Each structure stands twice: as structure tokens, then as C-alpha cells.
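2 protein chains.
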Amino acid sequence: MKKVRVTFYPTGEAVEAERGKTLLEIAKEAGIFIASICGGDGICGRCRVIIKGGEVEAAPTTLLTREEVQRGYTLACQTKVLGDVEVLIPPESRAEGAQILIDEDAQRFRALYAASEEEALFRHDPLVKKLYLELPPPSLQDNLADQERLYREIRRYIPALPMQTGLKVLQSLPKLLRASGWKVTVTLGRRGGTVELIQVEPGDRAGQNFGLAVDVGTSTVVAHLVDLSTSRTIDAEACYNSQMPFGEEVTRRIIYAEREGLKPLNEAIVGDINNLISALISRNKAELSDVTALCCAGNTTMLHFLLGLDPTRIRKSPYIPAATAPPPVRAAEVGIKINPRGLLYTMPSIGSWVGGDTTAGILATGLYQTRRLTMFIDIGTNGEIVLGNRDWLLTCSTSAGPAFEGSGVKCGMKASRGAIERVEISPDGYLRYKTIGDAKPKGLCGSGLIDAVAGLFAAGYIDRSGQLLPDSSPRVRERDGQLEFVLVPAGRTETGKEIVLTQRDIENLLRAKAAIFAGAKILLKSMGLDFQDIEQLLIAGGFGNYLDREKAIMIGLIPDIPLERVRFVGNTSIIGAKMALLSEEAYARAYEISKSVTYYDLITYPYYYDEFISAKFLPHTDLSLFPTVTKRLGLEARV
Amino acid sequence: MKKVRVTFYPTGEAVEAERGKTLLEIAKEAGIFIASICGGDGICGRCRVIIKGGEVEAAPTTLLTREEVQRGYTLACQTKVLGDVEVLIPPESRAEGAQILIDEDAQRFRALYAASEEEALFRHDPLVKKLYLELPPPSLQDNLADQERLYREIRRYIPALPMQTGLKVLQSLPKLLRASGWKVTVTLGRRGGTVELIQVEPGDRAGQNFGLAVDVGTSTVVAHLVDLSTSRTIDAEACYNSQMPFGEEVTRRIIYAEREGLKPLNEAIVGDINNLISALISRNKAELSDVTALCCAGNTTMLHFLLGLDPTRIRKSPYIPAATAPPPVRAAEVGIKINPRGLLYTMPSIGSWVGGDTTAGILATGLYQTRRLTMFIDIGTNGEIVLGNRDWLLTCSTSAGPAFEGSGVKCGMKASRGAIERVEISPDGYLRYKTIGDAKPKGLCGSGLIDAVAGLFAAGYIDRSGQLLPDSSPRVRERDGQLEFVLVPAGRTETGKEIVLTQRDIENLLRAKAAIFAGAKILLKSMGLDFQDIEQLLIAGGFGNYLDREKAIMIGLIPDIPLERVRFVGNTSIIGAKMALLSEEAYARAYEISKSVTYYDLITYPYYYDEFISAKFLPHTDLSLFPTVTKRLGLEARV
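Here the protein sequences come in this chain order: U and F.
Here the first sequence is numbered in the working numbering, starting from 1 and rising by one per residue.
Here the second sequence is numbered in the working numbering, starting from 1 and rising by one per residue.
Just so you know, these hints were derived from the structure itself, not from any lab.
Everything hinted at is true.
One copy or two, it doesn't matter: identical chains are merged, so the pair holds either way.
The calculated lysine-lysine pairs, modelled on DSBU-like cross-linking and capped at a C-alpha distance of 35 Å, are: (1) Lys434 <-> Lys52; (2) Lys175 <-> Lys595; (3) Lys316 <-> Lys263; (4) Lys631 <-> Lys525; (5) Lys337 <-> Lys168; (6) Lys337 <-> Lys263; (7) Lys285 <-> Lys168; (8) Lys168 <-> Lys316; (9) Lys175 <-> Lys316; (10) Lys263 <-> Lys175; (11) Lys263 <-> Lys183; (12) Lys337 <-> Lys175; (13) Lys616 <-> Lys525; (14) Lys183 <-> Lys316.
Note that this is a predicted model, so its numbers are computed, not measured.
Excised from the complex, chain U in its bound form (with noise of 0.2 Å):
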């Protein structure tokens, strides 16, 4: 095969390849980072790259412009490299802050839909679909009314549940019917035991129905743009949680809620969904009213914010939420800006603590129907806890606080371009870290986080205490009355300001991986198991993408078990609430789950704080169940 040279800028890595290869996938071999959702397919045009010279072959297509295609422009996995080549990757095609994530998330959905979808597990068959109908024109002989000359037709294709038409359709029905020459578009949505006739357009618009799937954080909201009819992700975008302000833990806000009214987390999070909306709708030049329906995960409080229920009742004993699995509804009766008759769908929660994103990730995972006995944990501003397989399922949840997303951390960002992701401390001291898009550094993103203090506590930094040793390294000092570990200087950084880690951010990680840790370890005794028991760790999180299972095992979020069992799933909450927005008995099965899954109440438990205690130290006050981190780190040594 001959090889060929390929030049990416701005950066000039230059690379050799087999000649004939796209430049996706010559880019995704080098580990150069491009915009990619369909993965290669040449749908979402993300991929656009500029050809600056050399010769290369490329299909042609229709989302690029004439002009742009004058100008160079191509999409880099419909085109093949003939020769030696120079391409310019552009900004809107670079690595950008959370856009990778949302990016692999989206592939990931993908491999995972498309997995199931060859095990025939779900049948795409959204929960608003778009169908294109060829109605027979009334005669004499055949003179049934519009309406049920409709539904007639509409019945070949569902054949089973009640129909129902809001009034306003069916009052525009009969014009309509006859301007289309009775070929015509209809909408339908599930609700409850009902199929409702939500819109009926002229001619064929099948092609054009678009569903949103929408992961409510706590601290960061995510949405993907979804062709209904393909079950493709166009786009994807994501924010932080305006409901900041209001504070950084779901208790916080609650509080504020009570004392204030919940109509300002209301519209803060409406809000937030609806900028998302706007910026992928006019970035993918798609028509709001063809965006049907939308479906959100979120934990339960935040799903209470969303639909305007009040939540004041969920930490309270004995801590009850409005409900569990609230209906469907019409998104603009929440304020939602799509098709004003389109449907807003939320996953159902579990319990009052393990909301409708745990659903998600149990239906994502396909937890609920494998034989080995999993442990899931979604690692968030909660932290949730899933024990169990096909049989039995057990959930808690932990206050986990918002350090994992880059809150509450002194120089913490949210994973996105600039944020340092992984850390490496070799024993002589010498640092290194990688950052998002491989920019100068800007601050420390959860994973980050996780690896820096493994560092830290690996090189001997901070005592089992996460206490840091004032002579331990010169990048220690005190600062204000606190001691800090200085991880990058001012001078490479992006702000111009050093990037440090605090005392009060390790003690921070280690409340967090604490919390959860104690929430596992519960969850396994109450079953009379054991963490060696654990066949499989799927590990959840839109807190980064990279996550070195090693570290999380040393510093005790995660248990000490084979790696080879540790697995990360990434944005669980968005790729189940996917598959339930694309799939009707997706969204029964999650419904299901949400009713068989056993919900376990930390606070109510008398334990939780003598364990939650025990797991605050590094990477455990209980040594025995850390072996492997012990003998590596020598830590029975290190009294």
C-alpha cells in the first residue's frame, strides 16, 4: 500500500497514511481531534475540513454550499487522500470544550442503539412519529368522515390503542384534507393508553420530524438534536445549569425554592433548554415546528424544577416527591419552545433521591437484563448507585457535590477545551498533564481532579488524611491560610494565572468519592455481598471523558477490584432518554424499571455517616479492602 503524507493545521502535525483512507479516519488514528456524530456516515456534516493543497477525492454532497466547496471546504470522511495533502482543520471543526464529549456520547449512543437494534431489543418507533398517508378520496360508495377516513389509514399502521384528536386539528381537517389532494402528514404521539393526532400537514414531511433528548444536571444541562425518522444525532449542545446561582447542590435549591418560590429555577432550567434548542435549530437550519417532541433525564428534583412541581417535600422526612412518573405533557405548557403542540417526555424516577437519569442509565446499560451481577455508579453532582442484574436491581443515591463537574474546586472548570484531564506525577516529582484539545491550560476538569490527587497522594504529597505535606515538595506553600499544591505556573497557562490545587479541593474530592464509596459499600452489605463479588462496574458520568480506573481505584472512588471489570459508559442519563424518545417500548421498559427497581434511602439508613466516615481517608480508613493500592503504594509501611 502507498503511503502519503498528511499535514493538519494550525497545528502542522504531520502524519503518514495508506493512500485511499478518508481523512477521518487518518485524523482519528493520529488521535487528532475532529468533529464527528454520525461517525463517518456523511449525515451530520460536522467533519468539514479545508483542502489547502494535494489531491485528494471527494463524494459529493449536498451539506456543503457551491461556495463553500470553491473554497475549499470538504467533509473530511467523504474524502479520500490521493496524495501528499494539506488540510485545514477549522475552529468550528476543532476540538471545542464539551463538544467532544457530546461527540462521543452521541457515537456511543449510537453503537449502542445500533447494537440493539440488530438484537432487535427495541423497535425504533419513536414516541411522536411523522407518517405520510395517501387517503383514498371519499365517493358515495365510500363516504366515511374525514376523521375516520383518517384514522382508517392511520390504523394500518397502529393498529392497536384509542385515538384521540385535539379539537383545533380536527376542526382544520376537512380544508386541509382536500387542498392536499388527501395526501397528507400526520403526527402522533404517545400518551398514556392514547395515541393523540397531534398535527396533520400537507404532503409528504415524514422526513422532517426532530425530537430532543435532554440530560437535566444538576450542575450541567445537555441536549442532542435527533432525526426522529433516522434515529440519527445531528447535534449536540451543552450548558451550565443556570440554576447555579440558586446553589450548587439540589438541597440548596430545594431550600431556595421553599422560601422563595420555585418559578425562578423553573424558568432558569426552561430557559436553559430553550437556548440549547435555539443554537442547535439554527446551527442545523431545521424548523422548530418540526421538533416534536422532547424526552428528559434528570434526577427527580431537577424533573420537579423542569415540570414546575414543587419538590420541598423530597428532603424532608419522609421525603416525598410529587410523583414519580409524571405524564407527558405539551412542552409549551412548560414553556418549552418547539411545535407548540409537540410533547415533552421525562424518564420516570425511581425515588425521591434516584431520579428518571438512574432509569436512563439502567436502560442504556442494559442492566436489567444481564446475568452478571453489576455495579453502576453515575458520577455526578449525585452521585447514584445501582446493585444487581436481570433478577434484582438495588439503587441509592449520595450527595456527591458538584467537585466531578468542575464546581467547587478552586481552579475546576467543566470538561471542556482548556481543562486539564489527566496528570501524571512520576515518583521524582516530575509533572505532566494533558489538556482538552490539547490547548494551553486553563484548569482542572473532574478527571483531572481524580488523577491529580492520586498523583499527590502516590508521590507521597498528602498523608492518607489527604492532608498536604508542607515539606513534602517545593510545589507546596500556603496561600492565605491554607496550604495548595501549585499543578501549573502562570506563564503556560491560558488566563496567565497559576493553576493550583487547594487543601480544601482534595477535602472536597474526598467528601465526594467518600459519600459515594460508603453508598456502595452499603448497597453490596445489604445484600451480604462483597466488592470481590462485583463481576461488572460500569462507571457513568458526564465529568470527563477519560477516566484512569487505576487512579479512581487508588484514591478510593471506586473499589479495588480487576480493572478489566471497570468499564466507563459515559452520559448515560442522554443515551437512555434517547432510546426511550426513539423507541416507544423503550420508554415502557424504562417505566417498568422505574417500578421494580428497589429503592434504598441513605438517610434513613443509621450507618451511612460511620461509613461515609471510614471512606474519607486515602484510600480507605479500611486497608483490607484496598489490597492492591496497599501493596503498590506500600501504604502498610506509611503507618
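Chain U is fixed; fit chain F onto it per the hints.
This is chain F only, laid out in the frame that chain U set:
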């Protein structure tokens, strides 16, 4: 048994009666009208009379105030006569206009519904029901969410169907449940395959649930206020349909809607229903918010106008309505003022010209389950005819015009106080009549018109084509270029104007009866049957309570069959609507009926016009169809 003497004022009519009987029983036996809906159960409070003197024994009642009792008021049905008594029937309890018919329809319903309850035909299970629930308060052991806790309790009563709750109701739930001490009344409405939780009220309000059955007639609108918790008819009210100025017949109004839009027609009928509701509510001191449902029957076009559906294609080939079975909608969406979340149901139609009123009629008469070959004729502005039995049913509609409802006739009037409802002309030309309420005559209602024409025909004042014969009677005269017959001279009428029957009036009646008879004949013919095969002939209509079957046969309105086979069944439209309102089973049965009846479109039947022309003669061109009339009046000899 000791006899006593009871004198009723203001007429002074005195009757002998058995001691111990109630005043209502005594009045009924004597043919003296006292208003009553409940049939003597002491519930409706309508039969208020004033004891002027004599010994009575009255059961205590809450329906009269202390002050009223002191003034001598008592309920006629709860008052036993112990000696000679003088009683004043106050104006509100006297026979007032349409009230008589309404009261009788209410009693007719009561008889039918009671009968069917005994036979367990339709379970009492209103379309919208209230349930009083006492929920177990949540605890750590029973920590179900509020909505799910409520559903669990509702499921004890309604196990099968999926539930749906509006967002507003769900939002109000947490506060309301706690404020009420977990004792609430839920309002549940049936919508397609779903049960909607319409409303939650604190405390026990299960007894405060009212509905309306409405007959949306082309000429007359009748509403019954029903206690949904007990199935009692509380009160009734009627008015002319305000769409009259847009055309007396359905077709004229459709043409108006084509030209000017359907809004004025929609507003007219909605306004009528609102006026009826408001009168019923204020008279019975009920709360509008406790009216949770209404069920409307009417012809297909009237239901279109009510729901704001375009009816213009109903009158143009191939005659297609917008919908035959419109879904239940929120009454407020149509502009009907009841509880803002209350539901409006319509009886499903059979075809373009056979509406929900006929479906209601089939339901009310049990026609769908009779073994006997039955013909059902609903005489109104349209004459709908149904033929069949439990194995098959065939229906058609004929355009009779409003003559039977007192419209389109010079001295015609609604069947209300002062309307001549019976006319007898003796062979010597002596004319006797009876008015509703025995008041001074004001005009002629439908049944009086039939009697009068039959009388003129029998006396030989009109010939077989309905022409008045100038010299046959001194009462026949010419005015304004046409012949007319003087029924009541000016001095004896309420208005001081004479009551006459014009040549045009007679022709209108003949057209109306010919239309109906022709339709009946064609239905029979299409099945290879004859009039003599009819085992049961049911005549429905709100056109008058009294129908002289013999005279209806004499003019050829109904076929010449033995009188004992003919039965007047009242306003079956409202009776059927009420059955559906009070029983989901009945509503479901109505839907099945509407789907199973074969609709026969006379407009497409080539010989209809010939049949119509033949039927315009008295009693018919073909005398062999009317053997007893022919024999009795010696028609063979009369040329």
C-alpha cells in the same frame, strides 16, 4: 275507604279521593297537572302547593324553608289528605309550557333507566365521576410519590385503564393533599382509552357532581340537569334554537355557513346551551364548578356547528362530515361554561344525515337488542327512520321541515302553554280543542296540526290532495288570495287574534308527512318487507306529548297498522344522551351502534321523489296501503 273532597285552585276543580292518598296522586288521577320530575320521591321539590284549608299530613322536607312552611307550602307528593282539603297550585307548579313535556321526558327516562338498572343493562358509571378517597399518609415505609399514591387509591375503583393527569392538577397536588389531611375528592373523566384526573378537591364532595344531557335540535334545544352521583334528573329547560334566523332547515344553515362562515352559527348554539345551563344552575342553587360534564345529542350538522366543525360538505356529493364520532373535548374549548376542566361529549353520528340523536334513540329504545321487527320514527325538523331488530338496523333521514315543531305554520307554536294540542271535528262540524295547561288558546302545536288536518279530511272540508273545499264549511274562507280554515275565533284566544289553518299550512304538513312516509317505505322495500311486517312502531320526538295515533295514520304520516303496535316514546334524543352521560357502558354501546347501523342515503336513491309525490295525497295515492282509513272514511267512493 273513606272518601274526601279535594278542591284545586285557581281553577276550583273539585275531586273526590281516597283518604290517605297524596295530593300528587289525587291530582294525577284527576288529570290536573302539578309539576314533578322525581315522580313523587320527594326529591325534586317541584310539586310545591299551598294548603288553603283542611286536614293533611306532610312528611318533613328540607326542600322548603321554614318561612315557606309557615305560609302553607307543602310538597304535593309528600302530603297525605286526611279530610276535605282546599289546595292552591301556585304558578311555578302549574303546567307551564314546554315544562310539561320536559317533566314527562324526565319521568320517561327515569322509568327506562330504572328498568334497565334492574336488568343490569347499563351499570351506573358516569362519564365523569367523583370519588371520595381517604389516602394513607406517606411514611418512610410507604413512601410512594403523591401522584402515584393517589393513583394507587383510584385503582381500587378503576383498575384497568391508563391514567392521565393535566399538569396544572399535578402541580396543585402536593399542597392540596396535605392541606386536606389526605382526604380528597377526585374527578375522573373518560377520554378515549384514558381516564383523566380532571380535578382534585379537598374533603368529600362526591355528592356534588352534576352533568347535563342536551338535545341539540334544529328547532328546539332541551337541557336536563342531572345529579351524576345519583342519576336523578334535577331540572330541565328548553328554548328555541337561536340559529333559526340563519334558516329553518339544516340545509339553509349550511348554505349560510358556506357564505358567511360558521362562527355565527357556532356562537348561537353555544349561547343557547350556556343560557339553559345558567338558568338551570341558578334555579337549583348549584355551583357551575360542580358541573363536570355534558353529553349532547343532535343531528350531524348541529353537532358540527356546536364543535365548530365545517359542515359544508355534508350537503354536497358525496356528503362527507368532518367527523362522525368526535372525541370528548374540554367544554371550555367550545365556549361552554361549566367547570373549566369539564368535558363535552357528543353522541356519535351514523352518517351525514343521521346523527347522534338517532343513535341516542336506538340506545334509549333498546332497538339494538329487540327480537321484534321495529320501525322507529323520530319526528322533528328532520324525520329520521330506523328499521330493524337486534340482528340488523337500517336508517335514513328525510327533510320534514319545522311544521311539527310549530314553525312554518301561520298560527303554529311550540308545544307550550296555550298551544292547541288536540282537535276534534265531529261529523256535524262541531269543533272541540284542548290546549296545553288548559289555557286560553294561543296557537297550534305539532300534534294539534296533525289532529286538525285529519279532522278536516274526515269531515270532508279538504280533498285527498289537501285542497280546502270552499263551500264545505262556513269556517272555510278566503284571505289574501288563499283559502284558510278558522279554528278559533278571535274572541276566544289569548292574543285576541283568530287561529286559522291556511292552505299553505296544510301543504307544509303534507310535504312533511310525505317525506317521512316515503322514507319509511323505501327502507322497508329495500329489505323486501311490507308495512304489515312491522311488529312495533316507535314514534319519537319533542313535538308534543300527545299524539293521536289514529289521526297520524289518517293523514298518512304513519302506516296503517294496528294501533296497539304504535307507541310514542318521547324525546329519545335526550333520554339516550342522558343514559350515555350516566354510564360509560351506554356511551360505548352508542359508539358500537353508530358503527353498526347501515346508513341509507335517500339523496342517492332514484325513486325517492316518486315515492314522495305519491305520499303527498291523503292518506296516500295508493289507498291499498291504508285499508282501514279507506274503509272508515269511505274513500273508495269519494273519488
